[in-house]
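With chain A fixed as given, assemble chain B onto it according to the hints.
What follows is the residue order along each chain.
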Amino acid sequence: MTWFPIGNIADIPLRGARCVKTPEGKIAVFRTAENEVFAIEDHCPHKGGPLSQGIVHAKAVTCPLHNWVISLETGKALGADEGAVRTIPLRNEDGLLSIALESLMAAAE
Amino acid sequence: MTEKLVIVGNGMAPGRMLEHLLEKAPGRYEVTIFNAEPRVNYDRIMLSPVLSGEKAYEEIIIHGDGWYIKHGITLYKGHRIVAVDRDAKTVTSDHGVTERYDKLVIATGSVPFILPVPGNDMRGVITYRDLDDVQAMLLAAQSREKAVVIGGGLLGLEAAAGLAGRGMDVTVLHVMPTLMDRQLDPAAGYLLQRELEGRGIKILCKASTRAIVGNGKVEGIELDDGRVIPATLVVMAVGIRPSVSLAREAGLAVNRGIVVDHGMQTSDGSILALGECAEVGGMVYGLVAPLYEMARVAAAHLAGDRSAAFVHSDTPTKLKVTGIELFSLGDFADGDDREEIVLRDASAGVYKRLVLKDNRIIGTVLYGETADGAWFNDLKKKQTDISEMRETLIFGQAYQGGAPLDPMAAVAALPDDAEICGCNGVCKGRIVSTITQKGLASLDDVRAHTKASASCGSCTGLVEQLMTLTLGDSYNPAAVQPMCGCTDLGHDDVRRLIKAKGLKTIPAVMQELEWKTSCGCAKCRPALNYYLVCDWPDEYADDYQSRFINERVHANIQKDGTYSVVPRMWGGVTNAHELRAIADVVDKFEIPLVKVTGGQRIDLLGIEKEDLPAVWADLGKAGFISGQAYAKGLRTVKTCVGSDWCRFGTQDSTGLGIRIEKFMWGSWTPAKLKMAVSGCPRNCAEATCKDIGVVCVDSGFEIHFAGAAGLDIKGTEVLGLVKTEDEALEHIVALTQMYREQARYLERIYKWAKRIGLDEIRRQIMGDADKRKAFYDRFVFSQTFAQVDPWSERVSGKDKHEFRPMATIGYGEAAE
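Chains A and B are the protein sequences, given in the same order.
Going by full-length UniProt numbering, the first sequence opens with residue 1, and the numbers climb by one from there.
Going by full-length UniProt numbering, the second sequence opens with residue 1, and the numbers climb by one from there.
These aren't lab readings, by the way, just hints derived from the structure by calculation.
We treat Cβ as the ideally placed atom computed from N, Cα and C, and that holds for glycine.
Be aware that one or more of the hints could be misleading.
[Said to hold, decoys possible] Just the calculated beta-carbon pair ranges, DEER-fashion:
#: 1; chain 1: B; residue 1: Asp444; chain 2: A; residue 2: Asn8; range: 47 to 53 angstroms
#: 2; chain 1: B; residue 1: Leu605; chain 2: A; residue 2: His66; range: 15 to 21 angstroms
#: 3; chain 1: B; residue 1: Gln400; chain 2: A; residue 2: His66; range: 54 to 60 angstroms
#: 4; chain 1: A; residue 1: Leu78; chain 2: B; residue 2: Glu54; range: 35 to 41 angstroms
#: 5; chain 1: B; residue 1: Glu58; chain 2: A; residue 2: Leu78; range: 25 to 31 angstroms
#: 6; chain 1: B; residue 1: Gly439; chain 2: A; residue 2: Leu78; range: 20 to 26 angstroms
#: 7; chain 1: B; residue 1: Asp444; chain 2: A; residue 2: Asp94; range: 48 to 54 angstroms
[Stated by the list, open to error] Below, a list of computed lysine-lysine pairs in the PhoX-like style, where the Cα atoms sit at most 20 angstroms apart:
#: 8; chain 1: A; residue 1: Lys26; chain 2: A; residue 2: Lys76
#: 9; chain 1: B; residue 1: Lys754; chain 2: A; residue 2: Lys21
#: 10; chain 1: A; residue 1: Lys26; chain 2: B; residue 2: Lys800
#: 11; chain 1: B; residue 1: Lys798; chain 2: B; residue 2: Lys621
#: 12; chain 1: B; residue 1: Lys516; chain 2: A; residue 2: Lys59
#: 13; chain 1: B; residue 1: Lys357; chain 2: A; residue 2: Lys47
#: 14; chain 1: B; residue 1: Lys77; chain 2: B; residue 2: Lys4
#: 15; chain 1: B; residue 1: Lys77; chain 2: B; residue 2: Lys146
#: 16; chain 1: A; residue 1: Lys47; chain 2: B; residue 2: Lys559
#: 17; chain 1: B; residue 1: Lys4; chain 2: A; residue 2: Lys59
#: 18; chain 1: A; residue 1: Lys47; chain 2: A; residue 2: Lys26
#: 19; chain 1: B; residue 1: Lys77; chain 2: B; residue 2: Lys55
#: 20; chain 1: B; residue 1: Lys662; chain 2: B; residue 2: Lys672
#: 21; chain 1: B; residue 1: Lys24; chain 2: B; residue 2: Lys55
#: 22; chain 1: B; residue 1: Lys504; chain 2: A; residue 2: Lys26
#: 23; chain 1: B; residue 1: Lys357; chain 2: B; residue 2: Lys382
#: 24; chain 1: B; residue 1: Lys723; chain 2: B; residue 2: Lys754
#: 25; chain 1: B; residue 1: Lys672; chain 2: B; residue 2: Lys754
#: 26; chain 1: B; residue 1: Lys55; chain 2: B; residue 2: Lys451
#: 27; chain 1: B; residue 1: Lys672; chain 2: B; residue 2: Lys523
[Unchecked claim] Some chain A residues judged to face chain B by a derived CB distance under 7 angstroms, without partners named:
#: 28; residue: Gly16
#: 29; residue: Ala58
#: 30; residue: Thr62
#: 31; residue: Leu78
Looking at chain A on its own, in the form it has when it is part of the complex (with noise of 0.2 angstroms):
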């Protein structure tokens, strides 16, 4: 597992996202209310939505294609849906925040 250093939590509008660029696709680092930040697979289980550009409320975030709404701490789907998006381990130290990468290792090597 390595870490990966993204950017400052300041970056990140509070109820909001935004996106890191990876081989492995993008990933949606969400800020919410409370200032709470999670790391999500950028891509809605239903049909791939971004789930960066859906509205965030309490610790889930609302998929803008159709609704779907995920939450950020399980990656799962809540309410009658079901399905789930992988979740990226997140630090946060004193604002400054990296994601844990485990297949860039391998593919580094």
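Then chain B, alone, in the frame of chain A:
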């Protein structure tokens, strides 16, 4: 192994049959349906409320597309079966699709009877059978001209009332001496005629049609006595005939209908028939209750239960015209062995008649007061001896045994097996037990689980009374639909309280109105943001994180996560310079698709999010601003070329369209707002299906509103006629502001107008100059904050973070 079940026809009977079949034998059949109508299964009984405007088409859909997908059913829409090959066991549609079957169900319904008179094939002559007919009538009603309905039966009168309600001058021709002679006795028929005449509908009984006159298009009707009644629309509602031609060509036994046994089996062991096309026990049926009974029996046989058999029963008839109470059941002809009990209350417009034989009810006609219909039906069905209560029988159930009962007690007194919903054959006990067992709390739930009041809806009141009886005070039929799960308040209350309490931020609204969630959800936040933008244009700071992505980044998100961009082209007018600039942008950014939109704009699709600011920068240099094609706000004003170019143009429609668009661009509205200006009534800009439209005429500008051409198709309503362009602009702006201030978020103008009432809107905008001016001024004030081009703002650096990734991680970094 699954067997192949093919169904020809997708009306209410086969729809119900499938519901039973999926319950009884799920997975037994692979089902394919061929529907000659290009749509899903809808509630045909409710077409009259759609015609009168009380319901929308979506509200009467029984099975939406999702239902067919969920159950793995293949539905061919718009496919008419033209051949059945019984040897090969295949059917073939007019589009050339051939499907094999193990079991075939024919449910082709009926076809309206067309009077064999000269001129019956002219344009303007229609029948009343399906949604297409309703839409044709609605279109014709726009003209506000004269309509003639031939046939004073159930369908004809519902059509007449609907057309009259839509502003047409309607005459009903009925060949018999009194209306609805098959369901009503002459006395009730007379009361009905008086009521309809009171509503401005002309009624001619004993009127026999000799010919339809006109020149390719209907101009009138000639009667046998030589009278000519002018009309531009003729609706034939003189009865239906079972649609049997397919079955006849296939060599099945056919009489009036397709002959079936009491198990719905035709003369071919692999083929069943049901619905209006089927003839069972020598009878054909047109009301929904027996058709649903056929559906139950057919499903049982398909599921392997050979014991199910169709049993004839009389079905009560009701007229679905708002404000007319009418109930008819059974046999009410006079006869020597019959007695009758009659109650007349002329001043109250009430007439009741019971026909008795051997102290048992065999027929009932109720007019004006029909609450006891269910009770009389129950007495008739059970053949109850009524001699004990003969004196008071006609006064109804409430007067039996002592003091009069209130309506609630009357419902409570009904036995468990009393039929509540005639269409679906649902009795009181079933409704009560389902409510209790499944813990149902809303009318919609009860409809979903029991089907009671889910067809014609006339027993809704009874069902609600049963819910109150069963649930007590916890059931509140007038309960407001909450905005979302975050609050118990409805949109209207929230809007009112925002103003009343002076709430000016989303957190303030959530705090003061006791939101149940910490920061709302994707439903309430965009709504609140709009309400605050609209109500406090100068003070409220737009919360971009509460806007849907399209409004946050000012472009339209596509399914692959790219965006589309539509530059504003005022009134749909462009020039070589602009087109060249667009062409250059397309080349430079390798934009995959360039498309002309329905609103007379150019759409550039497939742009990466990071490229958006650069695309806007280039477009901005050519003078373009955002076309707001993504906004719940003013979209486009479509125009025709008008008096500058067109030989028919009466006014400068292009100029007016551009003027309106330049005045109103940038404004946010509850839902999208699309407009158009046509230079003459030929209406090339299609202004009469827009949210707001203008049709120019010689004498000025006819302002239209509340049209729709999306999920719903609806012609506009006329707001009024004004003389000058200035007045037209003022009225349109005032109307828009009224809509902005009153509608619920995502409610299009036609839905808002239906809720508020067209007359109320006309009164405030056309009739009250002070009100109009105040609306106008508030819009103008709001525009001083709204008319900022979002594209140039972002080109200058606003919201930079939106368009750049936070970080990019490559393989190189991992190797470090």
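Outcome of the hint check:
| no. | hint | in the structure |
| --- | --- | --- |
| 1 | B/Asp444 / A/Asn8: 47 to 53 angstroms | holds, 49 angstroms |
| 2 | B/Leu605 / A/His66: 15 to 21 angstroms | holds, 19 angstroms |
| 3 | B/Gln400 / A/His66: 54 to 60 angstroms | holds, 56 angstroms |
| 4 | A/Leu78 / B/Glu54: 35 to 41 angstroms | holds, 37 angstroms |
| 5 | B/Glu58 / A/Leu78: 25 to 31 angstroms | holds, 27 angstroms |
| 6 | B/Gly439 / A/Leu78: 20 to 26 angstroms | holds, 23 angstroms |
| 7 | B/Asp444 / A/Asp94: 48 to 54 angstroms | holds, 52 angstroms |
| 8 | A/Lys26 / A/Lys76 | holds, 18 angstroms |
| 9 | B/Lys754 / A/Lys21 | violated, 49 angstroms |
| 10 | A/Lys26 / B/Lys800 | holds, 19 angstroms |
| 11 | B/Lys798 / B/Lys621 | holds, 18 angstroms |
| 12 | B/Lys516 / A/Lys59 | holds, 15 angstroms |
| 13 | B/Lys357 / A/Lys47 | violated, 67 angstroms |
| 14 | B/Lys77 / B/Lys4 | holds, 19 angstroms |
| 15 | B/Lys77 / B/Lys146 | violated, 34 angstroms |
| 16 | A/Lys47 / B/Lys559 | holds, 8 angstroms |
| 17 | B/Lys4 / A/Lys59 | violated, 48 angstroms |
| 18 | A/Lys47 / A/Lys26 | holds, 15 angstroms |
| 19 | B/Lys77 / B/Lys55 | violated, 23 angstroms |
| 20 | B/Lys662 / B/Lys672 | holds, 17 angstroms |
| 21 | B/Lys24 / B/Lys55 | violated, 33 angstroms |
| 22 | B/Lys504 / A/Lys26 | violated, 37 angstroms |
| 23 | B/Lys357 / B/Lys382 | holds, 14 angstroms |
| 24 | B/Lys723 / B/Lys754 | violated, 27 angstroms |
| 25 | B/Lys672 / B/Lys754 | holds, 17 angstroms |
| 26 | B/Lys55 / B/Lys451 | holds, 18 angstroms |
| 27 | B/Lys672 / B/Lys523 | holds, 17 angstroms |
| 28 | Gly16 | holds, 5 angstroms |
| 29 | Ala58 | holds, 5 angstroms |
| 30 | Thr62 | holds, 3 angstroms |
| 31 | Leu78 | violated, 10 angstroms |
In summary, the numbered hints that this structure violates are 9, 13, 15, 17, 19, 21, 22, 24, 31.
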